[in-house]
Amino acid sequence: EVQLVESGGNLVQPGGSLRLSCAVSGFTVSTSYMSWVRQAPGKGLEWVSVIYGGGATYYVDSVKGRFTISRDNSNNALYLQMHSLRTEDTAVYFCARLPYSAAAHFDRWGQGTLVTVSS
Amino acid sequence: QSALTQPPSASGSPGQSVTISCTGSSSDVGGYNYVSWYQQHPGKAPKLMIYEVIRRPSGVPDRFSGSKSGNTASLTVSGLQAEDEADYYCSSYADNSYVFGTGTKVTVL
Chain P
511 EVQLVESGGN
521 LVQPGGSLRL
531 SCAVSGFTVS
541 TSYMSWVRQA
551 PGKGLEWVSV
561 IYGGGATYYV
571 DSVKGRFTIS
581 RDNSNNALYL
591 QMHSLRTEDT
601 AVYFCARLPY
611 SAAAHFDRWG
621 QGTLVTVSS
Chain B
463 QSALTQPPSA
473 SGSPGQSVTI
483 SCTGSSSDVG
493 GYNYVSWYQQ
503 HPGKAPKLMI
513 YEVIRRPSGV
523 PDRFSGSKSG
533 NTASLTVSGL
543 QAEDEADYYC
553 SSYADNSYVF
563 GTGTKVTVL
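Taken in order, these protein sequences are the chains called P and B.
Every number in our numbering is 510 more than the matching position in the first sequence, counting from 1.
Every number in our numbering is 462 more than the matching position in the second sequence, counting from 1.
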């Protein structure tokens, strides 16, 4: 069964750092396309980052230079390292899978983990 | 990377149909047949309802259908049921990035 379980969300001060994890079961992260999508409280979905099967990574402009997406093949997990956090980064962060290399849709999602950036 | 434009709300009575629009540009919706739609109930993760404009994942009722014309995509929910009441988001591929719509709250009257 395919499962994605996020963790690592917390309350952090502006300027701080946090690493989110997404534990995956039922498929292999190393060869999959994976993304992070966030949702600020009461707001809509916003795509954050993607890592392709070959390792290429892309980010929404607002997090470029501050966030890094990566994966750990041995742990079958996806990560999002976040630095220089801002209040506007406050959101529930979802990890999501793109099901095949030519896909541009997210077929499986985790339940989300809440990041709160506040002093 | 501007959000795609959706109407904030839509509604219909049980059994009726509702159509939600999703307007982008030639750089996203109009440039690729990679529009997808997601249903989200409060406090839950989004659920894929339509992908590649018209395709339905297994398990999604055929009451849900998608289409596209130019820079605007649409999701139609036919035969509205109480459980269809939710937020709906479109999404499009946009040259190594992805963009979501502003979201539409569907109310079943």
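No wet-lab data here; the hints were simulated from the structure.
All C-beta atoms in this analysis are idealised placements derived from N, C-alpha and C, irrespective of residue type, glycine included.
A hint or two may mislead.
Listed next, with one range per pair, are the computed distances between beta-carbon atoms [as the list claims (entries may be wrong)]:
#  : chain 1 : residue 1 : chain 2 : residue 2 : range
1  : B       : Ser479    : P       : Thr626    : 20 to 30 Å
2  : B       : Asn558    : P       : Asn585    : 39 to 49 Å
3  : P       : Gly575    : B       : Gln478    : 28 to 38 Å
4  : P       : Asn520    : B       : Pro504    : 34 to 44 Å
5  : P       : Gln513    : B       : Pro504    : 30 to 40 Å
6  : P       : Asn583    : B       : Ser529    : 17 to 27 Å
7  : P       : Pro551    : B       : Ser473    : 43 to 53 Å
8  : P       : Thr597    : B       : His503    : 40 to 50 Å
9  : B       : Gly493    : P       : Ser572    : 28 to 38 Å
10 : P       : Ser527    : B       : Pro504    : 27 to 37 Å
11 : B       : Ser475    : P       : Arg596    : 38 to 48 Å
Straight-line C-alpha distance at most 27 Å; calculated DSSO-like pairs for lysine-lysine [said to hold, decoys possible]:
#  : chain 1 : residue 1 : chain 2 : residue 2
12 : B       : Lys567    : P       : Lys574
13 : B       : Lys509    : P       : Lys553
14 : P       : Lys553    : B       : Lys567
15 : B       : Lys567    : B       : Lys509
16 : B       : Lys567    : B       : Lys506
17 : B       : Lys530    : P       : Lys574
18 : P       : Lys553    : P       : Lys574
19 : B       : Lys567    : B       : Lys530
20 : B       : Lys509    : B       : Lys530
These stretches of chain B come out as covered by chain P in the derived footprint (C-beta under 8 Å, 3 or more residues) [said to hold, decoys possible]:
#  : stretch
21 : 494–500
22 : 518–531
23 : 559–568
Do the hints match the structure? See the list:
Taking the beta carbon of each, Ser479(B) and Thr626(P) are about 40 Å apart, not inside 20 to 30 Å as hinted. The hinted window of 39 to 49 Å between Asn558(B) and Asn585(P) is violated, with their beta carbons roughly 26 Å apart. Taken as a hint, the range 28 to 38 Å is violated for the pair Gly575(P) and Gln478(B), whose Cβ atoms sit roughly 48 Å apart. Checked against the given bound of 34 to 44 Å, the beta carbons of Asn520(P) and Pro504(B), roughly 23 Å apart, lie outside it.
Checked against the given bound of 30 to 40 Å, the beta carbons of Gln513(P) and Pro504(B), roughly 22 Å apart, lie outside it. A beta carbon spacing of about 40 Å between Asn583(P) and Ser529(B) contradicts the range 17 to 27 Å that was offered as a hint. Taking the beta carbon of each, Pro551(P) and Ser473(B) are about 24 Å apart, not inside 43 to 53 Å as hinted. Taken as a hint, the range 40 to 50 Å is violated for the pair Thr597(P) and His503(B), whose Cβ atoms sit roughly 27 Å apart.
Distance hint for Gly493(B) and Ser572(P): a CB-CB separation of about 22 Å, inconsistent with the stated range 28 to 38 Å. For Ser527(P) paired with Pro504(B), a C-beta distance near 30 Å keeps the hint of 27 to 37 Å intact. At about 44 Å, the CB distance of Ser475(B) to Arg596(P) agrees with the hint of 38 to 48 Å. Proximity of Lys567(B) to Lys574(P) is assessed by CA-CA distance (about 31 Å); at most 27 Å being required, the pair is judged violated.
Among the hinted pairs, Lys509(B) with Lys553(P) is consistent with the structure: their alpha-carbon atoms are about 17 Å apart, no more than 27 Å. This hinted pair checks out: Lys553(P) and Lys567(B) have alpha carbons roughly 12 Å apart, not beyond 27 Å. For the hint linking Lys567(B) to Lys509(B), the alpha-carbon distance of about 15 Å falls within 27 Å, and the restraint holds. Restraint check for Lys567(B) and Lys506(B): satisfied, since their Cα atoms lie roughly 14 Å apart, inside the 27 Å limit.
Between Lys530(B) and Lys574(P), the direct Cα distance comes to roughly 31 Å. Violation of the 27 Å bound is thereby established for this hinted pair. Among the hinted pairs, Lys553(P) with Lys574(P) is consistent with the structure: their alpha-carbon atoms are about 21 Å apart, no more than 27 Å. Proposed proximity of Lys567(B) and Lys530(B) is supported: the alpha carbons are some 20 Å apart, at most 27 Å. This hinted pair checks out: Lys509(B) and Lys530(B) have alpha carbons roughly 20 Å apart, not beyond 27 Å.
For the stretch 494–500 of chain B, the assignment as covered by chain P holds, since 4 residues bring a beta-carbon within under 8 Å of that chain's beta-carbons and 3 suffice. For the stretch 518–531 of chain B, the assignment as covered by chain P is violated, since 1 residues bring a beta-carbon within under 8 Å of that chain's beta-carbons and 3 are needed. Restraint check on the stretch 559–568 of chain B versus chain P: 7 residues with Cβ-Cβ distances below 8 Å, three needed, restraint holds.
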